[in-house]
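Spelled out, the chains give:
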Amino acid sequence: MDTVSVENEVIMADDGIVKPVAGGRATIDRDNRETVGDVTAKNPRMRCREVSVFYGEKQAIHDVSLDVGSNEVIALIGPSGCGKSTFLRCLNRMNDTIDGCRVIGDISLDGDSIFDTKMDVVQLRAQVGMVFQKPNPFPKSIFENVAYGPRIHGLTRDKTELEAVVHTSLDRAGLLDEVKDRLGEPGTGLSGGQQQRLCIARAIAVNPEVILMDEPCSALDPIATARIEELIDELREQYAIAIVTHSMQQAARVSQRTAYFHLGDLIEIGETNQVFTNPHHQLTEDYITGRFG
Amino acid sequence: MQTSVLILVLVALTVVGFYLGRSRSVAVAGGTAGSAQLHSLPSYYGYLTAIWCGVPALIVLGFWMAFQDNIITHFVTADLPAETAADPGQLGLALNDVKNLVRGNITSRATDPAMVAAADHYRQLQTISRLALTVVILALAIGGIALSWKRIGPALRARNQVEAVVMVFLILCSTIAIFTTLGIVLSVLFESIRFFRIVPVTEFIFGLEWSPQMAIRADQVGSTGAFGAVPLFAGTLLISGIAMLVAVPIGLMSALYLSEYASRGFRSAAKPVLEILAGVPTVVYGFFAALVVAPQVRGLGEAIGLSVSSESALAAGLVMGIMIIPFVSSLSDDVINAVPQAMRDGSYAMGATRSETIGRVIFPAALPGIVGGVLLAVSRAIGETMIVVMAAGLSSNLTANPLEAVTTVTVQIVTLLVGDQEFDSPKTLAAFALGLVLFVVTLTLNVIALHVVRKYREQYE
Ligand SMILES: Nc1ncnc2c1ncn2[C@@H]1O[C@H](COP(=O)(O)OP(=O)(O)O)[C@@H](O)[C@H]1O
Ligand SMILES: [Mg+2]
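Quick note, the sequences are listed as chains A and B, same order.
Per this note's numbering, the very first residue in the first sequence carries number 45; after that it's consecutive.
Per this note's numbering, the very first residue in the second sequence carries number 91; after that it's consecutive.
Take the hints with a grain of salt, since some may be wrong.
To be verified - With a straight-line Cα cutoff of 27 angstroms, these simulated DSS-like cross-link-like pairs (lysine-lysine) come out:
id, chain 1, residue 1, chain 2, residue 2
1, A, Lys-162, A, Lys-184
2, B, Lys-545, A, Lys-178
3, A, Lys-162, A, Lys-203
4, A, Lys-178, A, Lys-224
5, A, Lys-178, A, Lys-203
6, A, Lys-184, B, Lys-545
Claimed, not checked - Examples of chain A residues toward chain B, derived with CB under 8 angstroms:
id, residue
7, Tyr-99
8, Thr-161
9, Met-163
10, Val-166
11, Arg-169
12, Lys-178
13, Pro-183
14, Gly-193
15, Ile-196
16, Asn-317
17, Gln-318
What the hints contain is simulated information worked out from the structure, not anything from laboratory work.
These figures come from a predicted structure and were not determined experimentally.
Just so you know, even glycine gets a beta-carbon here, dropped at the ideal spot from N, CA and C.
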């Protein structure tokens, strides 16, 4: 990531509004691990309070609190291994599938705790969809990939309804035009970018409220990336989106709020503009000016 | 010198050759400091010298040992009375006696002067041969060292030459297995062709009766033999079918449990235990089938009013199925594990339960590999002999009733060849024909299975 600072400046110049970081304006020194900034969102969909995650004895996330608001994209950034994926996976309890992984703290979806016995994990994952780093379509047809969720949740009554759902989802994911004549072909035969949009279509086919994306573009070329970023911006109208990204330009382009993680701590959170142009924490400034990461 | 002593001396010379070659290379380069001048590391010069010393000598030794006996026998034959030498049968007996005399064994003709003379000649030739061998081998070994000693210099590409020798050696090793297989196939093939000269192929493949007993002598009262293999193949199919009915579901389920549900601790304990099943000798399964399962099956059958023979296809098939379980489960476990974690994550993230994920994603993705594993298990079941001999009987019934005794191809091969046999009667030759067909069937299954498995592997790469 040694070229980040240069790229950063280019992007910000592109943006027009954001000015390059002057450096040295951050006021909170590196040893302070309290979260800086406002963790709440205007219309919170998901609320996390004091969340800690352990892999066996090792603590990967320390007391992180933050909200995911409706109709906004929140970007989680930070150096590799700082716990972004781990935190994201708490939101739909995907960490349950990992042996020895323990989550403590409160996470709620629309006011209901997701750890509550009343909250079924099947239901939770229908409401909180996830898109992974590497596109992972099932080795089935394009149609069957999208129909997977509606089928297991019994969302449609007959074949016409199912077809309608598949079509709408592909359409929203911006893939319909490219594949509508070959819905029966295997999803694994698409290009990487198309596969990733297929995975997004698969996730939105069950009408989720929140979509989690873990570095959805890191396996894609720049053109496919631009296509997905556009899509994320469109999806924001209907869903709350949390996206983990390695690229600060991407965070700047698609998100409204940004959270900076460092070694399992949430260091700084705020409006994306503010975090990139005027970080309050020295660690955040180090990261976005490319001093490490 | 005794051959064993000779070999020991050769080994010692080879070791000496190694050190000589190594020190020579250092010396040629002008001490350790100069060894950077050499093309290869000094030890490569050592290996090269050792190879020159040992390999030609070993090759000559091998040929010598292989042909010495024939050549000596040839000379000794000339000594024997002409009428003995003319008749191949007599000659064989006479030569045997000579060899026995040489070894000091007592024979019926120990007093025959011609034989004693032949034995003496034999002994004399042996001594000469041994002496010559010693001289030749030592000369070769020492000559090899000397030659290589002279060649060693900074320009000698010792490393490349050693590598080439190593490669040739590896190629030889790998071809041994191939040629052995080829030899087996060819011998079975030729014997089968002899059989098909006597019994037509069509009768063998389509005949419905199998009773290989034949009159050996012309005056014997006895059956003429019937060589219709259909009952044997039907029996094989029946027993393998029962075995697969047991092994596939149980093996598959246990593989699914182990790879998807079990905790890591349980898995690491249970898998070896399951694999122990594969290590139980089939003879043990055989008497388990004959002494425990068959009577149980019979008792159960009688309790519900069925007549079950004391040896039944069902008993043999059940036990064979149990024997094959680890095959199926271990192969399936491997392919299920090879389904990428990303597939599971994708499914779980959609809110699928574990059984939905298995049924809709993992199992379909692993299916080709599982099919491959099952085919391998089938060919194992078809080739299995011991359990069937002990639990399914020897009578060749053409029946689909699993409660009756049946027999299989492998069992018949065993019974045809056990005991004193004439090796050119159709009865014994039939065993080769059966073996050939069995070989073709299992080979086909294995080829299909390997093909399927390979195709499956490509799917995620
Ligand atoms: N399955 C796991 N078992 C044990 N430790 C893990 C596991 N997954 C992640 N970790 C550890 O947790 C920390 C955070 O990892 P992760 O959330 O993947 O980081 P990021 O996504 O920010 O790169 C790392 O130190 C990593 O080694
Ligand atoms: Mg990650």
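Each hint, compared with the structure:
1. Among the hinted pairs, Lys-162 of chain A with Lys-184 of chain A is inconsistent with the structure: their alpha-carbon atoms are about 33 angstroms apart, more than 27 angstroms.
2. Proximity of Lys-545 of chain B to Lys-178 of chain A is assessed by CA-CA distance (about 23 angstroms); at most 27 angstroms being required, the pair is judged to hold.
3. Proposed proximity of Lys-162 of chain A and Lys-203 of chain A is contradicted: the alpha carbons are some 31 angstroms apart, above 27 angstroms.
4. This hinted pair checks out: Lys-178 of chain A and Lys-224 of chain A have alpha carbons roughly 23 angstroms apart, not beyond 27 angstroms.
5. Restraint check for Lys-178 of chain A and Lys-203 of chain A: not satisfied, since their Cα atoms lie roughly 30 angstroms apart, outside the 27 angstroms limit.
6. For the suggested pair Lys-184 of chain A and Lys-545 of chain B, the alpha carbons sit about 16 angstroms apart, so the restraint of at most 27 angstroms is met.
7. The closest approach between the C-beta of Tyr-99 of chain A and any C-beta of chain B is roughly 14 angstroms, which is over the 8 angstroms cut-off, so the hint fails.
8. Interface restraint check for Thr-161 of chain A: the shortest CB-CB distance to chain B comes to about 17 angstroms, outside 8 angstroms, so the restraint is violated.
9. A least Cβ separation of about 12 angstroms between Met-163 of chain A and chain B goes past the 8 angstroms threshold, and the interface hint is therefore violated.
10. For Val-166 of chain A, the suggested interface contact is upheld, since its CB lies about 5 angstroms from the closest CB of chain B, less than 8 angstroms.
11. Hint on Arg-169 of chain A holds. Least Cβ distance to chain B is approximately 4 angstroms, under the 8 angstroms limit.
12. This hint holds: Lys-178 of chain A has a C-beta 6 angstroms from the nearest C-beta of chain B, less than the 8 angstroms allowed.
13. Of the supplied interface hints, the one on Pro-183 of chain A holds, with its beta-carbon coming within about 5 angstroms of a beta-carbon of chain B, less than 8 angstroms.
14. The beta carbon of Gly-193 of chain A comes within 5 angstroms of a beta carbon in chain B, closer than 8 angstroms, and the hint placing it at the interface holds.
15. Residue-level restraint check for Ile-196 of chain A holds (minimum Cβ-Cβ distance to chain B is 5 angstroms; threshold 8 angstroms).
16. The closest approach between the C-beta of Asn-317 of chain A and any C-beta of chain B is roughly 31 angstroms, which is over the 8 angstroms cut-off, so the hint fails.
17. Hint status for Gln-318 of chain A: violated, given a least beta-carbon distance of 32 angstroms to chain B, over 8 angstroms.
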